[in-house]
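Undergrad: Sequence:
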Amino acid sequence: MPLFQTLDDGELAVIESLAVEKIVPRGSIILNEGDMGDALFVIASGRVKVLICDADGREIILKILGAGDFFGELSLIDKEPRSASVVALDNTTLRVLSYQGFRDCLVRSPNIATAVMTVLAKRLRDADRKISNLALMDVYGRVASTLIELAVQKEGKLIIGEKLSQQEIANMVGASREMVNRILKDLSDRGYISIESKQITILNDRLPPSF
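In terms of the numbering used here, the sequence shown opens at residue 1 and continues consecutively.
What the hints contain is simulated information worked out from the structure, not anything from laboratory work. Among the hints, a few may not be true.
Said to hold, decoys possible - Calculated pairs, DMTMM-like style, for lysine to aspartate or glutamate (alpha carbon to alpha carbon, straight line, at most 25 Å):
hint : residue 1 : residue 2
1    : K22       : D104
2    : K198      : D90
3    : K130      : E168
4    : K22       : D9
5    : K122      : E178
6    : K63       : E33
7    : K130      : E178
8    : K130      : E149
9    : K122      : E196
10   : K22       : D69
11   : K163      : E59
As the list claims (entries may be wrong) - Label pairs and their in silico Cβ distance ranges:
hint : residue 1 : residue 2 : range
12   : S17       : L120      : 38 to 44 Å
13   : I77       : K154      : 31 to 37 Å
14   : Q100      : T201      : 44 to 50 Å
15   : N91       : R123      : 21 to 27 Å
Owing to the predicted nature of the structure, the values given are computational and were not obtained by experimental measurement. Just so you know, even glycine gets a beta-carbon here, dropped at the ideal spot from N, CA and C.
Model the full structure from these sequences, guided by the hints.
TA: What follows is the structure, given as structure tokens:
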């Protein structure tokens, strides 16, 4: 539920008037886990991945965000260090709101505050579901669940909105790239999905939970 979709032109104008544009190249680190935060970022175009690293330095992708999404809000709310790192997946244009700019937005437009809370509530539900999946599902089930979660309707087809590498999917579900490759091949061979140029199309939305 991107933030922009829930706001009218006047509310978008409030954000635009208080934000500063920032353009970051693909692969750039936008935020580092553990740093103190003093700004919120709204994605105008492009994509970013939100990630943490485990004790062995392995990357775990928590979320992929696109145009209309925002990040960095938690540190503005609780004044704690950044809980995750954020890296640009594409050349990305951001609207950056300072702490004071963020507060001004909430004061000038209560609907913006409601929109932010709605998105945060959805993210919390998504996090609860992901924790449940990690606890109760094996890798096959986690891959299948992630594909369904990422799928969007486009031109009458159910596709994965983001063209993700097998390594990126592996980093999202806590598995090896080799295991993800094996699972995707099995789903393709059994007629549940098709894969062309990294674009995954779901042919049957009742994906099996295991081999």
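Undergrad: Would you mind marking each hint as holding or not holding in the structure?
TA: Hint-by-hint comparison with the structure:
1. K22 - D104: holds, 20 Å
2. K198 - D90: This hinted pair holds, its Cα atoms lying about 16 Å apart.
3. K130 - E168: holds, 16 Å
4. K22 - D9: holds, 21 Å
5. K122 - E178: violated, 31 Å
6. K63 - E33: holds, 14 Å
7. K130 - E178: holds, 21 Å
8. K130 - E149: holds, 10 Å
9. K122 - E196: Violated: K122 and E196 sit about 31 Å apart, past 25 Å.
10. K22 - D69: Satisfied, since the Cα-Cα distance of roughly 15 Å is no more than 25 Å.
11. K163 - E59: Answer holds: K163 to E59 is near 18 Å, not above 25 Å.
12. S17 - L120: 38 to 44 Å: violated, 23 Å
13. I77 - K154: 31 to 37 Å: Given about 34 Å between the Cβ atoms, the range holds.
14. Q100 - T201: 44 to 50 Å: holds, 45 Å
15. N91 - R123: 21 to 27 Å: holds, 25 Å
Hint violations for this structure: numbers 5, 9, 12, all remaining hints satisfied.
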